[in-house]
Amino acid sequence: MTSTAPILADEPQDLEAPPPRRRPFVWSVIRGQPQATVGAVVLLAFVVVAVLAPVIAPYDPREKAGDVFEAPSSEHWLGLDDGGFDMLSLMIHGARVSLIVGFAAALVAMLVGGTVGLISGYFGGKTDITLMRLTDYFIVIPDIPLMLVVAAIWGRSLTNIILIIGLIYWTTTARVIRSQVLSVRERVYVQRTRALGAGHWRILSRHVLPQVAPLLVAITVLTVAVAIFAETAIAFLGLGDPTLISWGKLIENAFSRSAISVDAWWAIVPPGLAVVAVVLACTMIGRSLEDALNPRLRVGHLSVRRFRVREVEGKAL
Amino acid sequence: MILQVEDLHVWFDLERGGELHAVQGVTFELAPGERFGLVGESGCGKTTTILALMGLLPASASVSGRVVLDGENMLAQGERTVAPHRWRDVAMVFQGAMNAFNPVKRIGEQIAEPMELHGIAEGRAAHRRVAELLERVGIPAARADRFPHEFSGGMRQRAAIAMALACQPKVLLADEPTTALDVMVQAQILELLVALADDFGLALVLVTHDLPIVAQVCDRAAVMYAGEIVESGPVDALFHAPRHPYTRLLFAATPDLYGDAEVVSIPGAPPRLDRAIVGCPFRPRCDRAFGRCVDDRPALKPVAAEQAAACHLNDVPQEVPA
Amino acid sequence: MRGANGGPPLLEVEGLVTRYPVPRGVVAALARRPQRWVQAVAGVSFRLRRGELLALVGESGCGKTTTAQSVLRLVDSDAGSIRFDGTDITALGSRDLRGLRRRMQIIYQDPYESLDPRFRVRRTLVEPLEVHGIGSKEERRREAEEALRLTGLDPPELFLDRFPHELSGGQRQRVAIAASLVLHPDLLIADEPVSMLDVSVRAGILGILDDLRRRGLGILMITHDLSTAARYADRIAVMYLGRIVEDGPAHEIVTNPQHPYTQALLSVVPKRDPRQRQRPEILRGETPNPVDVPVGCRFHPRCPIAIPECQTIDPELRAPTDARPGHLAACIRT
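Protein chains in written order, with the working numbering: chain A, 1 to 317; chain B, 1 to 322; chain C, 1 to 334.
The shape of chain A in the complex, shown without the other chains (with noise of 0.2 angstroms):
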């Protein structure tokens, strides 16, 4: 009988001994990756500043502090802008609204977008084939043309613009999870659960939303630069909210009165070059992640190099 005799059947060699506690999967991408860690220093650079902003920036900005487009100098690292106000003081508070906007308009993608494709991708059928046409319709919609008549009918608010932002960018995140729910919904486990009774709730949240959790977490960070960068133009524009510093709303600031004719570079290359490294930060973060989930393609045998041929002591080849 099978059960009176203690066979450790068919085991691998060392099962005695427990594992080595296996490091946190993210920790270890991190590890891996140097472009990873690079990203994530930089991103937790600009979050640290923008969460200090009040306590490190040397000035008010709302204060003048002197003459318009006055230049960099030992007082003023960064110079002053239009309306004579710390360039400094003014990022970092504008990496502020900037980096909420980001972090805030990519959350709501994530929701509604991980929602649509978790939901479209499980069950299938004329829920997948309408949530899809749903989602084809927000890709076709033109971002600025909405944000203008978002703008103009509700008002330039910071909700407005984390709403806008978010609707507009949640159709990536939809498909990408789909695509995957898609694959996971077949997977041997998934059926069997379903198999023994499991309703769908369950199904989906402890079977399907753990596998993939990581990814959306992946797209989600990358949805953080497109994020940031759609405040920026939308602040450029004008569109934003006027009330608000961003480094969009300086960018604009210095673009409308001519700072390029007064050869103020330190007006618009600051908040540009802060922008540039955030979305490049988000973007090193979230393709590493990207990287380290989905499987290599195993090109081994594209390689230039071949296998080695090795000498062993006193055999003639």
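Careful, some of the hints might be misleading.
Stretches of chain C that chain A covers, calculated by requiring three or more beta carbons in the stretch to come under 8 angstroms of a beta carbon on chain A [unchecked claim]:
#	stretch
1	101 to 108
2	123 to 137
In silico DSS-like pairs for lysine-lysine, Cα to Cα no more than 30 angstroms straight-line [what the hints assert, rightly or not]:
#	chain 1	residue 1	chain 2	residue 2
3	C	137	B	301
4	B	301	B	170
5	B	170	C	137
6	B	170	B	105
Using C-beta positions, here's what the derived DEER-type ranges look like [unchecked claim]:
#	chain 1	residue 1	chain 2	residue 2	range
7	B	296	A	199	56 to 62 angstroms
8	B	219	C	161	49 to 55 angstroms
9	A	137	C	133	41 to 47 angstroms
Simulated from the structure, these hints should not be mistaken for lab results.
Using N, Cα and C, we set each Cβ at its ideal position, and we do this for glycine too.
Given the coordinates of chain A, assemble chains B and C onto it according to the supplied hints.
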């Protein structure tokens, strides 16, 4: 002998450092027209062995030993010395070959490709040879213009065999050619392979985990375990007079259609190949292990006419048979 | 020793039909071309008793997996009836089915995919009990341990905290079986339970199924391997193109096959003894597409003993003249 493999070793570099010693000193030879079986379970190194015969190893691999084809050691300088023989003298039908076709190219084109690559035939001549080959493997020549998805699994496997024969090799390596096929189609494919081996004078190496196939199709076979050959000889001897416990147990673990014999399982698992193996690799699972087996690794030695085994039991007179 | 318990059959399937529509494009639909159907299961009837292991044998496309899914109500059938322990479950709604699902469990072919890679063994085993709201946390743990013991993973503590990737294929399959046992089912469907495992570990898994059979479970084993069926099954049912063409005690089927398809299959199975090399009866061609089922006897185009009548008559399963009781074949020439 058309092919002689002498003390073949293959190591794979591991990502986390160290190496996997996948093939640990394999030696066997093949006569022209012979049907030779290479049997073993997953991880025993049989596929790696035949990939090494064609030099189809990745950059992370290193090899040592000799693979002598018609007197020339193909492994002497790695890729340079093995490439000229690839497909022309030694060809292979891969595991899952039926799924390895390019879906957007016609079957006829793909079978002609090796012919053109190796300068055997071109254009119309190649076209004609493809037609002949297809007929030979049981596919109507007219279907050369079809795409892979228009063929069934069995037909695609036949096409894969045709592709392997494109340059008229002397040795055909077949890696699990019938796994994933129904038993009836399997019988058709095996019948085909045997007929081709006879007609073309091909030496056939059949790699599989399925013992009964080897018992029915092959003249001689070698049983692999943990990267080495633990027993080799005529298939009749392997079944009726095995000289290694693993061979005996492997047959005993295979249910027979008519017999009433108890089907056994072998407890435990094969040893890890990323560490040096001390003593006999099969000892932890062996039902006849004794003192010497613990730290003395047995070598493959002749134990009867044409039969060799790597087991200390053969040295102990009263213990024979295993 | 091999007898089944008395009493009503655990599972009674009668005239089961399950078909899938062949997807047709918009153009075909607009042109009103007739919908074509894949006749996956085209009228299947059989019985399974408690303590009995029935092997459903056939080649790919014969409908054995779809039959199992239909029995479990994982797919909806189009005709016929399924009675489980006397209750007609053919048309039961999902609410009623939930209770039933406890008593019917399935084990899949691929041990590497059967377990959620993120769940430890403990969680996989306890989940079925959670789904059906059975037992307290302590009781569930005990059930899990008991199920592990039943499948030979003893002592259970060694395995409860493992992840699937820390286990071998054979061990994973045992965990999958244990996960189906925690609910104390009456019926177990095993879909190719060992075909993806090494030969040396197969007997261990099949031994567990054998043990469960002796404890009174009814087991429906789907396999393409006739040797395994011959050795472990009480009865064998051979399927071809959606129908059962022969049904009877395992020993009978193997030593006295009546249907030409069964005879051909048996002759073609390689024997492990090199001295047993009979001439295999290899059928020409391949199994036709289940969309284009031949008229008359579905096997007649490939049948070595077909006569003109076979092109018009679709034979029923009935007792051949030359067979023992309980042995049925669908061939007019028996």
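Here is what the structure says about each hint:
1. 101 to 108: Per the Cβ count (5), the hint holds.
2. 123 to 137: Our answer is that it holds, as 4 residues pass the Cβ test (under 8 angstroms) against chain A, meeting three.
3. 137/C to 301/B: violated (58 angstroms)
4. 301/B to 170/B: Judged against 30 angstroms, a Cα distance of about 28 angstroms means the pair holds.
5. 170/B to 137/C: violated (66 angstroms)
6. 170/B to 105/B: With a Cα-Cα distance of about 27 angstroms, the restraint between residue 170/B and residue 105/B holds, given a limit of 30 angstroms.
7. 296/B to 199/A: 56 to 62 angstroms: holds (60 angstroms)
8. 219/B to 161/C: 49 to 55 angstroms: The hint (49 to 55 angstroms, Cβ to Cβ) holds, given that residue 219/B and residue 161/C are roughly 50 angstroms apart.
9. 137/A to 133/C: 41 to 47 angstroms: Taking Cβ atoms as reference, residue 137/A and residue 133/C lie about 42 angstroms apart, which means the hint holds.
In this structure, the earlier hints numbered 3, 5 are contradicted, and the remaining ones agree with it.
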